Amino acid sequence: EIGLHGSKVYTERPAFPKEKTITYINLDMVGNGTGLSVSAGSTYKDLLNYFEQANTRYIHRTMGTSAPVPGEFYGRPRSDDVVFSMAGYRTMSIGTTGSVKKVYYHLPGDDPDALTIDIMEDVSKMIYVGLTNMANDSSLKY
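Under our numbering, the first residue of the sequence shown carries the number 1, and numbering increases by one thereafter.
Read the hints as simulated data drawn from the structure, not as lab findings.
Just so we're clear, the structure is a prediction, and the values are computed from it rather than from any experiment.
Just so you know, not all the hints are guaranteed correct.
What the hints assert, rightly or not - Derived pair list, reagent style PhoX-like, types lysine-lysine, alpha-carbon separation capped at 20 Å:
1) Lys141 to Lys18
2) Lys45 to Lys141
3) Lys20 to Lys141
4) Lys141 to Lys125
5) Lys18 to Lys8
6) Lys20 to Lys45
Based on the provided sequences and hints, a complete structural model is requested.
Here it is in C-alpha coordinates:
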(Lines of atoms letter the chains of each structure in order from A; the text may use other names.)
(Lines give C-alpha, C1' and ligand atoms only; values in the text may rest on other atoms or scores of the structure.)
Protein backbone atom coordinates (compact mmCIF):
# COMPACT_ATOMS: atom_id res chain seq x y z
CA GLU A 1 0.00 0.00 0.00
CA ILE A 2 2.92 2.35 0.54
CA GLY A 3 3.29 4.63 -2.44
CA LEU A 4 0.33 3.19 -4.38
CA HIS A 5 2.81 1.29 -6.56
CA GLY A 6 0.35 -1.39 -7.69
CA SER A 7 -2.20 1.09 -9.02
CA LYS A 8 0.52 3.10 -10.76
CA VAL A 9 1.92 0.00 -12.46
CA TYR A 10 -1.56 -1.18 -13.49
CA THR A 11 -2.56 2.16 -15.02
CA GLU A 12 0.71 2.25 -16.97
CA ARG A 13 0.39 -1.39 -18.15
CA PRO A 14 -3.24 -2.47 -17.73
CA ALA A 15 -4.17 -6.16 -17.93
CA PHE A 16 -7.35 -5.10 -19.77
CA PRO A 17 -7.63 -2.17 -22.19
CA LYS A 18 -8.74 1.05 -20.50
CA GLU A 19 -11.33 1.67 -23.20
CA LYS A 20 -12.95 -1.67 -22.26
CA THR A 21 -13.04 -0.88 -18.54
CA ILE A 22 -16.40 0.36 -17.27
CA THR A 23 -15.13 1.50 -13.87
CA TYR A 24 -12.50 1.01 -11.22
CA ILE A 25 -13.99 0.34 -7.77
CA ASN A 26 -11.92 1.09 -4.69
CA LEU A 27 -12.92 -0.47 -1.36
CA ASP A 28 -11.75 1.46 1.67
CA MET A 29 -12.90 1.30 5.29
CA VAL A 30 -15.66 -1.25 4.66
CA GLY A 31 -15.36 -3.29 7.86
CA ASN A 32 -17.16 -1.17 10.45
CA GLY A 33 -20.35 0.83 10.33
CA THR A 34 -24.07 1.02 9.73
CA GLY A 35 -24.35 2.80 6.37
CA LEU A 36 -22.90 2.72 2.87
CA SER A 37 -21.02 5.40 0.95
CA VAL A 38 -20.17 5.67 -2.74
CA SER A 39 -17.71 8.43 -3.52
CA ALA A 40 -17.86 9.65 -7.14
CA GLY A 41 -21.26 8.04 -7.36
CA SER A 42 -22.89 11.38 -8.09
CA THR A 43 -20.33 11.94 -10.85
CA TYR A 44 -21.20 8.65 -12.57
CA LYS A 45 -24.94 8.42 -11.95
CA ASP A 46 -25.37 5.79 -14.67
CA LEU A 47 -23.05 3.48 -12.73
CA LEU A 48 -24.29 4.49 -9.28
CA ASN A 49 -27.80 3.38 -10.24
CA TYR A 50 -26.77 -0.30 -10.18
CA PHE A 51 -25.57 -0.03 -6.58
CA GLU A 52 -28.55 2.07 -5.46
CA GLN A 53 -30.92 -0.54 -6.90
CA ALA A 54 -29.04 -3.36 -5.14
CA ASN A 55 -29.27 -1.48 -1.85
CA THR A 56 -32.94 -0.59 -2.29
CA ARG A 57 -34.01 -4.11 -3.30
CA TYR A 58 -31.89 -6.29 -1.04
CA ILE A 59 -29.86 -4.47 1.59
CA HIS A 60 -31.86 -1.47 2.88
CA ARG A 61 -29.10 0.62 4.45
CA THR A 62 -28.63 4.37 4.36
CA MET A 63 -26.41 5.22 1.43
CA GLY A 64 -24.60 8.47 0.80
CA THR A 65 -22.97 9.58 -2.43
CA SER A 66 -20.56 12.34 -3.27
CA ALA A 67 -18.72 13.83 -6.19
CA PRO A 68 -14.98 14.37 -5.92
CA VAL A 69 -13.53 17.83 -6.34
CA PRO A 70 -11.65 17.82 -9.69
CA GLY A 71 -7.94 17.58 -9.02
CA GLU A 72 -8.40 16.79 -5.33
CA PHE A 73 -5.40 14.85 -3.98
CA TYR A 74 -3.64 14.96 -7.37
CA GLY A 75 -0.60 16.51 -5.72
CA ARG A 76 -0.40 13.65 -3.24
CA PRO A 77 -2.76 10.80 -4.08
CA ARG A 78 -3.71 8.93 -0.92
CA SER A 79 -5.71 6.06 -2.37
CA ASP A 80 -5.71 3.87 -5.45
CA ASP A 81 -8.89 5.40 -6.87
CA VAL A 82 -7.16 8.78 -7.24
CA VAL A 83 -4.35 7.17 -9.26
CA PHE A 84 -6.91 5.53 -11.55
CA SER A 85 -8.87 8.78 -11.86
CA MET A 86 -5.69 10.69 -12.78
CA ALA A 87 -5.09 8.08 -15.50
CA GLY A 88 -8.55 8.72 -17.00
CA TYR A 89 -10.53 5.82 -15.51
CA ARG A 90 -14.04 6.29 -14.16
CA THR A 91 -13.61 5.50 -10.49
CA MET A 92 -15.88 4.91 -7.54
CA SER A 93 -14.82 4.40 -3.94
CA ILE A 94 -17.11 2.33 -1.74
CA GLY A 95 -16.93 2.57 2.03
CA THR A 96 -19.07 2.50 5.15
CA THR A 97 -20.32 5.20 7.50
CA GLY A 98 -21.45 5.32 11.10
CA SER A 99 -18.70 3.44 12.94
CA VAL A 100 -20.02 1.26 15.75
CA LYS A 101 -16.62 0.28 17.14
CA LYS A 102 -13.40 2.27 17.62
CA VAL A 103 -11.33 2.25 14.42
CA TYR A 104 -7.54 2.56 14.33
CA TYR A 105 -6.96 2.98 10.60
CA HIS A 106 -3.42 1.75 9.79
CA LEU A 107 -2.33 1.94 13.43
CA PRO A 108 -1.26 -0.79 15.88
CA GLY A 109 -4.73 -0.89 17.46
CA ASP A 110 -6.24 -1.83 14.08
CA ASP A 111 -7.39 -5.39 14.75
CA PRO A 112 -10.22 -7.79 13.88
CA ASP A 113 -12.24 -6.80 16.97
CA ALA A 114 -13.23 -3.56 15.19
CA LEU A 115 -14.93 -5.44 12.36
CA THR A 116 -18.70 -5.63 12.10
CA ILE A 117 -19.42 -8.66 9.96
CA ASP A 118 -22.96 -7.67 8.92
CA ILE A 119 -21.82 -4.47 7.17
CA MET A 120 -19.05 -6.39 5.40
CA GLU A 121 -21.64 -8.88 4.15
CA ASP A 122 -23.89 -6.07 2.94
CA VAL A 123 -21.04 -4.31 1.11
CA SER A 124 -20.23 -7.63 -0.59
CA LYS A 125 -23.88 -8.16 -1.55
CA MET A 126 -24.21 -4.64 -2.95
CA ILE A 127 -21.07 -5.03 -5.04
CA TYR A 128 -22.02 -8.52 -6.25
CA VAL A 129 -25.57 -7.58 -7.25
CA GLY A 130 -24.54 -4.18 -8.67
CA LEU A 131 -21.70 -5.58 -10.78
CA THR A 132 -23.74 -8.58 -11.94
CA ASN A 133 -26.52 -6.29 -13.15
CA MET A 134 -23.96 -3.96 -14.72
CA ALA A 135 -22.29 -6.87 -16.56
CA ASN A 136 -25.63 -8.14 -17.86
CA ASP A 137 -26.82 -4.75 -19.13
CA SER A 138 -26.19 -4.74 -22.87
CA SER A 139 -27.09 -1.04 -23.10
CA LEU A 140 -24.21 0.08 -20.86
CA LYS A 141 -21.48 1.81 -22.85
CA TYR A 142 -17.77 1.88 -22.09
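Query raised in the report: Which of the numbered hints above does this structure break?
Result: Number 4 only.
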